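Trainee: Residue strings, one per chain:
Number of protein chains: 2
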Amino acid sequence: MMQDLPLSDAYQFIEPGPVVLLTTQMPGRKPNVMAMSWHMVLGFEPALIGCVVARANHSYAALLTQGEAVIAVPPAGLARIVTGVGNCTGDDTDKFGNFDLTPLPAARVAAPLIGEAIVNLECRLRDRTMVKAYDMFVLQCVKGWVNPALREAPMLHHHGYGAFSVDGERVTLKSRMK
Amino acid sequence: MMQDLPLSDAYQFIEPGPVVLLTTQMPGRKPNVMAMSWHMVLGFEPALIGCVVARANHSYAALLTQGEAVIAVPPAGLARIVTGVGNCTGDDTDKFGNFDLTPLPAARVAAPLIGEAIVNLECRLRDRTMVKAYDMFVLQCVKGWVNPALREAPMLHHHGYGAFSVDGERVTLKSRMK
Numbered sequence: 048m049m050q051d052l053p054l055s056d057a058y059q060f061i062e063p064g065p066v067v068l069l070t071t072q073m074p075g076r077k078p079n080v081m082a083m084s085w086h087m088v089l090g091f092e093p094a095l096i097g098c099v100v101a102r103a104n105h106s107y108a109a110l111l112t113q114g115e116a117v118i119a120v121p122p123a124g125l126a127r128i129v130t131g132v133g134n135c136t137g138d139d140t141d142k143f144g145n146f147d148l149t150p151l152p153a154a155r156v157a158a159p160l161i162g163e164a165i166v167n168l169e170c171r172l173r174d175r176t177m178v179k180a181y182d183m184f185v186l187q188c189v190k191g192w193v194n195p196a197l198r199e200a201p202m203l204h205h206h207g208y209g210a211f212s213v214d215g216e217r218v219t220l221k222s223r224m225k
Numbered sequence: 048m049m050q051d052l053p054l055s056d057a058y059q060f061i062e063p064g065p066v067v068l069l070t071t072q073m074p075g076r077k078p079n080v081m082a083m084s085w086h087m088v089l090g091f092e093p094a095l096i097g098c099v100v101a102r103a104n105h106s107y108a109a110l111l112t113q114g115e116a117v118i119a120v121p122p123a124g125l126a127r128i129v130t131g132v133g134n135c136t137g138d139d140t141d142k143f144g145n146f147d148l149t150p151l152p153a154a155r156v157a158a159p160l161i162g163e164a165i166v167n168l169e170c171r172l173r174d175r176t177m178v179k180a181y182d183m184f185v186l187q188c189v190k191g192w193v194n195p196a197l198r199e200a201p202m203l204h205h206h207g208y209g210a211f212s213v214d215g216e217r218v219t220l221k222s223r224m225k
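So the sequence lines, in the order shown, correspond to chains Z and C.
Under the numbering used here, residue 225 is the last one in the first sequence; the count climbs by one each step, no gaps.
Under the numbering used here, residue 225 is the last one in the second sequence; the count climbs by one each step, no gaps.
The set of hints was computed from the structure by calculation and includes no laboratory data.
Some hints here could point you the wrong way.
Identical copies go unnamed one by one, so any copy, or any two together, can satisfy a pair.
[What the hints assert, rightly or not] In silico lysine to aspartate or glutamate, EDC-like type, Cα no more than 20 angstroms apart, as pairs: (1) Lys77 x Asp147; (2) Lys190 x Asp174; (3) Lys221 x Asp147; (4) Lys190 x Glu163; (5) Lys179 x Glu92; (6) Lys77 x Glu163; (7) Lys179 x Asp51; (8) Lys221 x Glu62; (9) Lys190 x Asp51; (10) Lys190 x Asp56; (11) Lys221 x Asp51; (12) Lys77 x Glu216; (13) Lys77 x Asp182; (14) Lys221 x Asp182; (15) Lys221 x Asp56; (16) Lys179 x Glu163.
Note that the structure is a prediction, hence the values are computed from the model and not measured.
Please take these sequences and the hints and turn them into a complete structure.
Mentor: Right under this line is the structure:
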């Protein structure tokens, strides 16, 4: 179902600013997943992503100690699940089980892919310089997966307080970028 | 036309990941504007935004030396202008004049607001720790403006190579966030 995504294309799924799901895996524990909207592309090659995982999040310790995570981009059809994931904590909830998300084994990190996602990006923590000041992590994508059937699926964009935009029309305008 | 936007609401316009326009002003020069999709929210209060302005951009020197910029969120109706702005350089182009964008005086920075935008965020450079490694700037919003007539206007999201999504439906789901 998930096919190889060239790492140089990873930015095309993060640059539009979707709500994403971040999975982590602590040894001997169930995998965890959080919803995240504070992220940005930081580089094409290597494919770098900056993101905020606040220290209040259950995922913070896993990301900091394991140094690995998967960023999954959910299609808009998962809106209720995404909101549910974002409104409870892995401290006391098995979120994959609770929300019927399918964990799939990743190739290069311990954190799982999400079977229902458009794209899964396996990431390693590359730079923790900004963690102290902003809870901001710089991740490097080390392996990408795309579900071809969902490649152009609408994404969700969060406006705060549970308000989302769903992608509508796609337009392509002339660009000089090669 | 532009009304006060509380700084604590600024994130609601950046978190959804729109293509934005960044204006800068070098003393004695015409104001400049660039298109930008590599940005993220870094904090609610103070309202902090991280963004990449690559050193190849004409705006890089202005942002670094003046320490000020305005982030303007254009409505999707400006797609052609946004693409035009993103495909030429302020080195040799008066972009405000060329693309019929209306520069309006800001309250707290020298860079201009954009009259056609949904929101304008006056920003000061707060942290340049990540400039060397990633051309990434941390900006603090010091004054916000919103055009009430455009408050819910669809935004643009960039997928690379001139391909954009336009916001469609808005949905609101129950959130525990207050």
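Trainee: For each hint, tell me whether it holds in the structure or not.
Mentor: The hints, checked one at a time:
no., hint, in the structure
1, Lys77 x Asp147, "within (14 angstroms within a copy, 55 angstroms between copies)"
2, Lys190 x Asp174, "within (18 angstroms within a copy, 31 angstroms between copies)"
3, Lys221 x Asp147, "between (41 angstroms within a copy, 19 angstroms between copies)"
4, Lys190 x Glu163, "within (17 angstroms within a copy, 40 angstroms between copies)"
5, Lys179 x Glu92, "between (26 angstroms within a copy, 17 angstroms between copies)"
6, Lys77 x Glu163, "within (18 angstroms within a copy, 49 angstroms between copies)"
7, Lys179 x Asp51, "neither (34 angstroms within a copy, 32 angstroms between copies)"
8, Lys221 x Glu62, "within (18 angstroms within a copy, 26 angstroms between copies)"
9, Lys190 x Asp51, "within (8 angstroms within a copy, 44 angstroms between copies)"
10, Lys190 x Asp56, "within (11 angstroms within a copy, 36 angstroms between copies)"
11, Lys221 x Asp51, "neither (28 angstroms within a copy, 35 angstroms between copies)"
12, Lys77 x Glu216, "neither (38 angstroms within a copy, 35 angstroms between copies)"
13, Lys77 x Asp182, "neither (23 angstroms within a copy, 37 angstroms between copies)"
14, Lys221 x Asp182, "neither (37 angstroms within a copy, 26 angstroms between copies)"
15, Lys221 x Asp56, "within (19 angstroms within a copy, 33 angstroms between copies)"
16, Lys179 x Glu163, "neither (33 angstroms within a copy, 38 angstroms between copies)"
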